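Protein chains in written order, with my numbering: chain A, 1 to 903; chain B, 1 to 903.
Some hints could be false.
Keeping only pairs whose Cα atoms sit at most 27 Å apart, straight-line, the calculated BS3-like set for lysine-lysine is [to be verified]:
| no. | chain 1 | residue 1 | chain 2 | residue 2 |
| --- | --- | --- | --- | --- |
| 1 | B | Lys670 | A | Lys670 |
| 2 | A | Lys837 | B | Lys837 |
| 3 | B | Lys309 | B | Lys328 |
| 4 | A | Lys847 | B | Lys678 |
| 5 | B | Lys120 | A | Lys655 |
| 6 | A | Lys837 | B | Lys847 |
| 7 | A | Lys847 | B | Lys226 |
| 8 | B | Lys655 | A | Lys678 |
| 9 | A | Lys678 | B | Lys414 |
| 10 | A | Lys414 | B | Lys226 |
| 11 | B | Lys662 | A | Lys655 |
| 12 | B | Lys226 | A | Lys670 |
| 13 | B | Lys120 | B | Lys31 |
| 14 | B | Lys678 | A | Lys448 |
Just so you know, these hints were derived from the structure itself, not from any lab.
Small disclaimer: the values here were computed from a predicted structure and weren't measured.
Protein chains: 2
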Amino acid sequence: MVKYVYDFSEGDKEMKDLLGGKGANLAEMTKLGLPVPPGFTISTDACRAYLKKGQTPESLAPEVTQKLREVEDKIGRKLGDAEDPLLVSVRSGAKFSMPGMMETVLNVGLNDQSVHGLAKMSGNERFAWDSYRRLIQMFGKTVMDIDGDLFLNAHDALKAKRAVTADTDLNADDLRELTETFKGIYEKEIGSPFPQDPRDQLDAAIEAVFRSWNTERAVIYRRREKIPNTLGTAVNVQTMVFGNMGDTSGTGVCFTRDPSTGHAGVYGDYLMNAQGEDVVAGIRNTEPLSALETQDKKSYDELRAIMRKLETHYKDMCDIEFTIERGKLWMLQTRVGKRTAAAAFRIATQLFEERLITKDEALLRVTGAQLTQLMFPQFDSSANPPLVARGMAASPGAAVGGVVFDNAQAREFKEAGKPCILVRRETNPDDLPGMVDAEGVLTARGGKTSHAAVVARGMGKTCVCGAEALDVDAQARELRVDGRVFKTGDIIAIDGTTGEIFEGEVPVADSPVTTFLTHGLEAGLEAAQTEDMKELVKAVADLVDHADKRRRLSVRANADTPQDAERSIAFGAEGIGLTRTEHMFLGERRVLVERLILSEPGSDARQEAFDKLEELQMGDFEQMLPILGGKPMTVRLIDPPLHEFLPDLTSLEVKVAVAEAKGEECAEDKQMLAQVRKMHEANPMLGLRGVRLGIVFKGLFELQIRALVRAAARLQKEGTEAHPEIMVPLVGSIRELQLVREVAEDIIAQIEKEEGVSLNIPIGCMIELPRAAVTAEHLAEEADFFSFGTNDLTQTTWGFSRDDVEGVFFPDYIENGIFGVSPFETIDVHGVGRMVKLGVENARQTKPNMKLGVCGEHGGDPESVHFFEELGMTYVSCSPFRVPVARLEAGRAVAQKEIGRDE
Amino acid sequence: MVKYVYDFSEGDKEMKDLLGGKGANLAEMTKLGLPVPPGFTISTDACRAYLKKGQTPESLAPEVTQKLREVEDKIGRKLGDAEDPLLVSVRSGAKFSMPGMMETVLNVGLNDQSVHGLAKMSGNERFAWDSYRRLIQMFGKTVMDIDGDLFLNAHDALKAKRAVTADTDLNADDLRELTETFKGIYEKEIGSPFPQDPRDQLDAAIEAVFRSWNTERAVIYRRREKIPNTLGTAVNVQTMVFGNMGDTSGTGVCFTRDPSTGHAGVYGDYLMNAQGEDVVAGIRNTEPLSALETQDKKSYDELRAIMRKLETHYKDMCDIEFTIERGKLWMLQTRVGKRTAAAAFRIATQLFEERLITKDEALLRVTGAQLTQLMFPQFDSSANPPLVARGMAASPGAAVGGVVFDNAQAREFKEAGKPCILVRRETNPDDLPGMVDAEGVLTARGGKTSHAAVVARGMGKTCVCGAEALDVDAQARELRVDGRVFKTGDIIAIDGTTGEIFEGEVPVADSPVTTFLTHGLEAGLEAAQTEDMKELVKAVADLVDHADKRRRLSVRANADTPQDAERSIAFGAEGIGLTRTEHMFLGERRVLVERLILSEPGSDARQEAFDKLEELQMGDFEQMLPILGGKPMTVRLIDPPLHEFLPDLTSLEVKVAVAEAKGEECAEDKQMLAQVRKMHEANPMLGLRGVRLGIVFKGLFELQIRALVRAAARLQKEGTEAHPEIMVPLVGSIRELQLVREVAEDIIAQIEKEEGVSLNIPIGCMIELPRAAVTAEHLAEEADFFSFGTNDLTQTTWGFSRDDVEGVFFPDYIENGIFGVSPFETIDVHGVGRMVKLGVENARQTKPNMKLGVCGEHGGDPESVHFFEELGMTYVSCSPFRVPVARLEAGRAVAQKEIGRDE
């Protein structure tokens, strides 16, 4: 028979699957001999059995009885005993934390008799009645599904009657009266009186916790967090201890190191004569933990000893909840503590230095996402700016600007060169233009998956969302908060890393972590203004360096300009994985491209345009290649449809129609219009672009290849190392690649002969079409390397274009659990990832050691980097700013594989 | 050691891989004891060895010597003997016929001595010198790569000198002189005299044939025909026989049945005292084969006997070439004869009736493409219209209309309701609008893979291309041919099945085959005006019936209207595999859709629009479902983006801008414009459509589902059978399908309850995104069936949109061998097909017997149907007109699999 109930002494912290996180940690503390109020955990097996059959398994009740008796014997009290009752809490606790998602019932065991016993034993009648009315309220609401407002209204009504405002102003008699009222509500709603049998209360509460696994909000939460529905929750039944039994009682929360800076030492809050709820309700201000030392030295010393023990045992910073009941310390919960990005790096290196963990373990304690946070420019905290409100940290960065309320205002500011922050109640696809024009986005409604949050993250734009304190009146163009009013143009500052909103111009400082990453440790230390910062820079340096030593994946950057190339190398890129040549056709050169398009094939005009562009493009390459100091540079031949270089069809139609309506001359525009119409495509993303364009528009690829090869030849003759690679975009079939390869090889051979040099220029292609992935074993015959363009591959695999849909339906999709996160941020492992996997396997079938890279934006996304490591790819290439993240994560991926676990 | 050379007596017709088609058939005839001029075949192994090493394998020469001596002994003459020379032909012959692609050298063995021997033995000095000069010419050109014009010019110069025009006007002396001139050319170009050693001639000719495998035109031809480059060609060396040795000699071509009608009996042409070349050159008119009976009864009888023997042996209609040399009949070639579509059906059924082949074999002798040809309306041949010229039959059908020369003219005709034929020298993407407006397309240049041909086939538009006799002067708007001039509006008729171009209004008659297919055998026989036609109808009926018995695949049709549904059922569809509901939102209902889009979510206006549309849509379904008589009807929920129902952005921008420029009122247009701008998508194909739209635009799918379910419930209550199926478009993830499924199940349950009926409505989805294919094992959990939308799947797998690219670069791509045929016509087996295969395998992993259909256009494409049969799909669904083709091919696919071969 399956065992369903575990005494706290029977488990340990590795048993999260069975006992949930909370239960496993309670067991661990019990095993360590710490003072944990006795209790037991009903396993997730029981919950799963319940969910399957719709009723608790038969053997559960006898097991609960057995464990309950053991607890009663240990404590020396009986559940709900009339004289000296044992009271218990019943709490859910799943494998993964689901804060606020499931149910808790406290004070189980109170009834019309035992409330008197509790009053007597505690010497506090008010406390006893308050505990009882809380039980009825919680039980009624969470176990019996009674509308919680009924209790709240009755509570308010009583306070009104007594003409008081605070709960604490009600006395024992009032609370006894309230208890009776609550019992009345209960009986009226349920049709039977509040259950007086303590065991009935307990069983019902346990079942309610089971049921709460499948409430709608829990299901949605899990869907969003990708927690499997099949896990089920455990139930913890634990002796109640009370921190509100006078001045020798109290409750607190502490951390074994500072969770915000990572400082070693003790941090925490304590509240005398209080329960956890009081701390949450904020009725009284907490004191620092050190206050306990003067109030109760014995308990304080015991707590300090326990903290050290826990940290040593967990080998990590721990987060602890405790209660002191009449001078007796009780441990209520512990877990590995959450921390800021800075604290994560410092704690990891401290623990390594203290020889508690290995360096690989230290590396696994930090993440690329945390490193990213540390790299953003930050508000200069020394400025001490006035805090206006807090919202959710939705997209990191620090943005300062004038308040604007709509697209038109944002555009005005943009055009006037003034930075602005778009402030909306919430955003929808209509607000996209304003989001593009603004420095940052601030909303009053919506969480981390709201439209504003998803789109801003996609754009890399600073965003704070769901700042509920804000009252955004777009009509009046006023932002009201706490009596203050901000109007158009009033300056605010938002911190997308912390969720803080400040008033006025807050100075923004470069991150010393970024200074370190680009200019080395010495420069980073110099830029750090505080000791904390210096230590942080050292910690980052230490772990990034270790990641570099560990990683197998090479990291390159995507860079189109000499500036980008310099930045890439500064950030530690081992080459350029993607140079987009179309960017080199913009600006002043656009007129040449126009001439190219408008001229007849084979005409002198076309040849002239080709020649001029070739010279200019060669100049580009001659500038960029030497920056790399011999590292490889993958040059992608022109990819977008040519009509992108011509004026926009609609604007031109309007221009011509208006000119004609007015009888104005517009022959030139009309001529251009004819060409633009001819080249117009309904779906340019699926049109004449990439290799198709290269094959159909003779001479275009040739000019680019000649420019690149000539640049390489000239540099070689000068003695400058240059290693360009030619990459063909949008290849779908081997024959396309063959055709381009033949042309390229001819050009290379010819220039080698002309210049008397010997070049070694690999020729490869992008894998960005599903067809390329599923036929990669053929393509591999003609390619020296592949680079997976996971952006385009995501678009074609899903059949949607990022530009068209990201702001339009992604928030809806995330809300509905279709995406956990935008597949353009993190690779969609099950769909697009499977396509990449097919491509990799197919390619390796033909060439086992083929160089396989990724040059989509996923190349710098932590989760995606782990996936590419798993696939055994050769390198990832990402935007320069993300290079350090990729380096760190590539190292973590290796460490993780070897240690076989992730923190 | 590999054997490279095979005497004709050593091979047979199954050895095409090794001996090529011609060699294998010569061997087969030899084996049958037929009078084949002795010779031998050098195998494709030798060719491959040559191509690999760049030289003939060492053992080849001794083997050739051996076989040559055997031939010499058999014939009693020696190669190039001065007194009585044996002459041989050297001909290429690959596994697959590559007409005109490779080289032939005749008369090998002639030199300055043997020419006299030949003259003496033939008693014809002129013949001997003519043969010799031909050898030098052919050898010089094909073996030694001398510019052929040098010989032609010398030949012309001599004729000019003699003041004659025909080659035949030159006498023996002239030809001797010409021979000397040719030898001079040869020596001047090559630097050494024409080789006098017959064996040197032979070896060089053999090597030349090997080399010819890799000429550019052969490579391009193979690429286009998808013949592997690795096959190589065989070389046939055969004793020359001469049909031009007087009146007891002659040459002919014959068929064992009429290749154009399929009539049993003997058909062929004969030319006395002539060589094959003379027939080709058209110098003299051929006589029917029966002429031979009077001229040479013995040979005629022998030939008849051989024909019967060959047909019996090959079990098929044979195409035969023969020569009579001084009363002795020689068989030069045979193969299974090419035939018209009508002949194919009649011959197949005749051979079955004669018990030569089984019915399965008969079925394999006809193709869906042939059936399609027979189904098109045809010109009434009894009208005997005046033939203007012939071009290539590029896209079948019969089109009549006024000549137009450009898009503007085509548009004028279209708008005036007058049919027209677009006539161009050749077409390019600019001509697309005109092609759309015209009934048919006629070009003077370009083959079956030209732009006009590819695009017209894609559109299903009649096309004749490459009619070289036409002189198209678009400037003058004149079509000149043979002195006649057609101007704009002059009526012509083009037959896309035969390539014929007629003058004037030619009556078009429905095909009796189509009448049979839609109305049954009796109606078909009645519609057939001739006995031939009646027999054809019977043959088609017989084989289509057999295919139906054999096929495993079910065949459905795509139909959106009651008319289409009726046609589908008439053509034998077993259900509707795709009903596109968006078509039901067009016409007068568009205004309701507009209202829907423009109204606020949740407003009364929107609800009203929903309600009205629901009623109308229910009416659609109530009309369509009963037509199917209980057969299933798969209804696809709305797929296109909603903005397709609004006015076009560009036109509206122009309208508003012009109105504003003129100071006119346009408030309403401006309001609409704001909405259109908001909903505009840069790539609508990749935008908010399909299931995405259904999830985001609340109520839309619901209205459609309600309409369908209510219609089904009402019909059921009336006692009318109705089996609708709900299909969700553009699904990429299981969660999307879950969401729609939940909604649909709720609606079904509710209506079942309201109406007191029990419906059984399967819910499935399209597989048209690569992501759906690679994750089909998940989707299958929520889907009752899948329908592969191979059109969209082709677009997303290749990353191109048919509308944007088909006319633009497909011809280039076909020319370059990237496609054999447009992947929208025949499924791209290696790319898109692999995706479909993944989808099928994944689906069957979850549900081994899941219903899997295809509803893209490939469902009616013969080659694709075979592929779907191989994958074990459940059904194909195609346009109504293609249903019979799909039925035939589905039967053929089964027969072929079992017989294990294809004809």
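### Message
Tell me the hint numbers this structure goes against, listed in increasing order.
### Response
Of the numbered hints given earlier, those the structure breaks are 4, 5, 10, 12, 13, listed in rising order.
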